[in-house]
Structure formats: structure tokens, C-alpha cells
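> Okay, so the sequence shown: first residue is 1 according to full-length UniProt numbering, each after it adds one.
These are calculated hints, taken from the structure and not from any lab test.
Where hints are given, some of them may not hold.
Claimed, not checked - Under the rule of at most 25 Å between Cα atoms (straight-line distance), these lysine to any residue pairs were calculated in the SDA-like manner:
| no. | residue 1 | residue 2 |
| --- | --- | --- |
| 1 | LYS210 | GLU223 |
| 2 | LYS136 | ALA220 |
| 3 | LYS262 | GLU204 |
| 4 | LYS210 | SER132 |
| 5 | LYS210 | GLY236 |
| 6 | LYS246 | THR141 |
| 7 | LYS210 | GLY80 |
| 8 | LYS262 | LEU211 |
Unchecked claim - DEER-style ranges, computed between Cβ atoms:
| no. | residue 1 | residue 2 | range |
| --- | --- | --- | --- |
| 9 | GLN279 | ALA125 | 39 to 45 Å |
| 10 | HIS173 | ALA260 | 23 to 29 Å |
| 11 | ALA263 | ALA221 | 17 to 23 Å |
For each residue, glycine too, the CB sits at the ideal point set by N, CA and C.
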Amino acid sequence: MCSSSFLFSIALTRSTLWATYRRHKRGSGIRSVRDSHGSGEPVPAARPASTVTPVDGAYAENSLSALVRRVREHAAGRDGRYLLGIVGPPGAGKSTLSVRLRNALNVESPIAEIAPMDGYHLTNAQLDAAGSLARKGEPDTFDTAAFLANLRRLRDTPIGEPVPWPIFDRAVHDPIPAGLVFERQTIVLTEGNYLLLDDVGDREWSAVRKLLDECWYLDAARELLEHRLLRRHIRGGRTPAAARTKVHESDLRNADLIDATKARADLVLRQRGRRYEIQS
């Protein structure tokens, strides 16, 4: 797990960033991604392996460990970063899975960090000017070009050189530029709704998959999605009626769009309590 002594490389005060991170995806544990000691020493590489282990019955007793081992084996021996996409409908638990994977991968040393897609929301001002604020969260309300550009930077920038990454502040419902700075992490988990989507208008979503080494789809029952999303929106300040409108007129419609991309994933997972079952 990342050390609490990590430092942010952005021009915001320590106290402001701490407050932002506490609000951002409550409980996610996202932090700065500089090496924890500031020593400049390289982070140890993931454990080498000659073959990639399938996630099947042989590891059914500990599904998260099997997923961690799969990531380590895919990432082993690379010169650059390994990029894993975690996709699924809103409310499926992508952030929770990402945090659990990140923490497990970082038990020995801080080799992994999360690069959330939601930092690429267009700002409320941009959406309002375009008359799209009510549709916030739909595929054309993201800065897809910037997301693609920074995914390429994560792939192509040598380990040790900084790559800034925006985060989404749920308190003000707007992105914060350079909320994270990647330097020595060799494994990046990018999570979001549209990683497997076809192009939408001038948004080149189909290019995202080509930049990822693997992409996993986290599935969930529609009733569970609805329950989680209603709770999320009410906690975010919406009235129950407004939350229901948001869920039924936006979130679940997006969930149907995302569900149609499931077949393109390398793995399809479904959470059962603390475990993750492999659907395909």
C-alpha cells in the first residue's frame, strides 16, 4: 500500500489536497504516486513468471490473489508501464475493485496506482455553455482526447519521469488538473465506464482499448446498480426524487450502453461479497 508520506507535485497546499482526497471517491485511498522515500531508488519490478496464470478453479479459494497474480505476471519484464483497464456500468464497484487490487499489489512496494477516468469530465462551465450539463456522465461529456493523450504519456514516458493526472472532486463536481502525479509506478489501473466503447461523434473512445494491455469488465445486477446509484446521488446532495430521475434517465441508460461492450473484455467479473467470480 502506498506510503502516507507521498508528496503531491502540484501547486496546491498540502491541506487543500488532503481535504480534496478525503472527498474524492470516499474511502478509495488514492494518494500521490511519488516514491515513498524520495530517494530516487527504482521501485522493484513485479515478480517474474514464465506464463500467465488463468483465473479459474485452481485459485478459486482466493479470487483477489488470483487477479493480483495475473496482473503481476502480465506486467513482469516490461520496460514501461503495464496499463490495466477496469470497466463496467456506474455503481458496479469499479473503484472498490481498483483500490483492493492496488493495495494488494503494493504490499511489498508501491508499484501500482489508480488513474481514474472521471478526472476527464468536462467542467460544469463547459457543459453548461454547451447545454449538456443535465447529461453529465454520458460519453460525449468527457474530454476523450485528453484522456487518450495522457494514457499514451503513461505508456511512453520512462519510469521516474512525472506524468500528471487529473482527479474529479465530488464536493464541487468538477475535475482538478494534475491531482495525481505518476513517477515510479510500473502498474497503472485505469477505471471508468467507457473504456471499451465505440466512437461517439468526434469522441474516439475506440482508441482507448488499443492503449490498454488488458481490460476487465466488472458486472453487477441491475437492481444492485439502481440501489447503489440512488444512495450515491442522495449522499451527494440530491433529493430522492432528483436521484431517481438521474438514475433512470441517465445512469441506467448509460449502463445499457456499457453492457453492450462486455464481450470485448479480457475478463468478465462479478462481485460476490468480498470475492470476485469469473464469468468469462
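> Evaluate each hint against the coordinates.
These are the hints, each one checked on the structure:
1. LYS210 / GLU223: At roughly 32 Å apart (the allowed maximum being 25 Å), GLU223 and LYS210 break the hint.
2. LYS136 / ALA220: holds, 22 Å
3. LYS262 / GLU204: Measuring from Cα to Cα gives roughly 18 Å; hence the hint holds.
4. LYS210 / SER132: violated, 28 Å
5. LYS210 / GLY236: Violated: LYS210 and GLY236 sit about 34 Å apart, past 25 Å.
6. LYS246 / THR141: Holds, because 15 Å separates the two Cα atoms, which is no more than 25 Å.
7. LYS210 / GLY80: The hint holds at about 16 Å.
8. LYS262 / LEU211: Within the cut-off at roughly 18 Å; holds.
9. GLN279 / ALA125: 39 to 45 Å: holds, 41 Å
10. HIS173 / ALA260: 23 to 29 Å: This hint holds: roughly 27 Å between Cβ atoms.
11. ALA263 / ALA221: 17 to 23 Å: holds, 19 Å
Going through the hint list in order, the structure does not satisfy hints 1, 4, 5.
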